[in-house]
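Asks: Sequence:
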Amino acid sequence: MSSSTKMLISSVVDQWETASARLEESFLAYMEASLALGRHTPASKSDAMDLVSRIDHKFDTLYVSLDKQLPQSRWTLARTRNKLASSFYAIPEEVLAQIFRLVVCERNNRELVDGETNIRGFYRRLYSLMEVCSFWNSVGSSQATLWSLVPLLNDRVGWLPEQPTKVSLQRALGRELHLMARVKTRSEVPEYFIEATSNIVWTQCLPLFLIIQPRGR
Numbered sequence: 001m002s003s004s005t006k007m008l009i010s011s012v013v014d015q016w017e018t019a020s021a022r023l024e025e026s027f028l029a030y031m032e033a034s035l036a037l038g039r040h041t042p043a044s045k046s047d048a049m050d051l052v053s054r055i056d057h058k059f060d061t062l063y064v065s066l067d068k069q070l071p072q073s074r075w076t077l078a079r080t081r082n083k084l085a086s087s088f089y090a091i092p093e094e095v096l097a098q099i100f101r102l103v104v105c106e107r108n109n110r111e112l113v114d115g116e117t118n119i120r121g122f123y124r125r126l127y128s129l130m131e132v133c134s135f136w137n138s139v140g141s142s143q144a145t146l147w148s149l150v151p152l153l154n155d156r157v158g159w160l161p162e163q164p165t166k167v168s169l170q171r172a173l174g175r176e177l178h179l180m181a182r183v184k185t186r187s188e189v190p191e192y193f194i195e196a197t198s199n200i201v202w203t204q205c206l207p208l209f210l211i212i213q214p215r216g217r
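Just so we're aligned, residue 1 is where the sequence shown starts under the numbering used here, counting upward by one.
What the hints contain is simulated information worked out from the structure, not anything from laboratory work.
Given the structure is predicted, the values throughout are model-derived calculations rather than measurements.
C-beta atoms are modelled at their ideal positions from N, C-alpha and C, and glycine is treated no differently.
Restraint-style ranges between C-beta atoms, simulated for each label pair:
id, residue 1, residue 2, range
1, A29, C133, 38 to 46 angstroms
2, S20, S86, 17 to 25 angstroms
3, Y63, K6, 34 to 42 angstroms
Required output: the full structure, derived from the provided sequences and hints.
Replies: Given below as structure tokens:
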């Protein structure tokens, strides 16, 4: 972890501690002020009704807000606490990334996935790992090598959704790309793919593997 990251985390923790202390102080002050209201009787009927109206307003606004925010705050802290304490989080990120690569790649060929069936399985396994928890999702999303296999497949009913292709190109971060294409000629390549790769100089992304498969296999 870089020193700048450590400083950022330390700053966030300090802000949380400061906010916690201020919240406790504010709550105690509010409790004292609320108790003080009960020790003093309004001088007139109109003053009493005015205070009743003010209290009702707090019930309808402040307390409604607190009823929502306090449980949400507790849930957020509990989730953070459980994530930090879990064995998943204890695994170093680089080790977890290597585990991801071993799981998502084919057993007999860990360098390049071959075939449409396998590429679908590749991303199915990757997304399954990323659904385990938010930390695993973050690790999977940040590992550019896991997204260097770019799918460009033509199904019998038309081109597959463009989102998987765009996501792979975005997350690969310019690493060596492996294009898994199921086309006969360049003219069959959909427009969205041409637009998504307009800023990529392919000669700088070698080795680039073009796996050309005849339609209908």
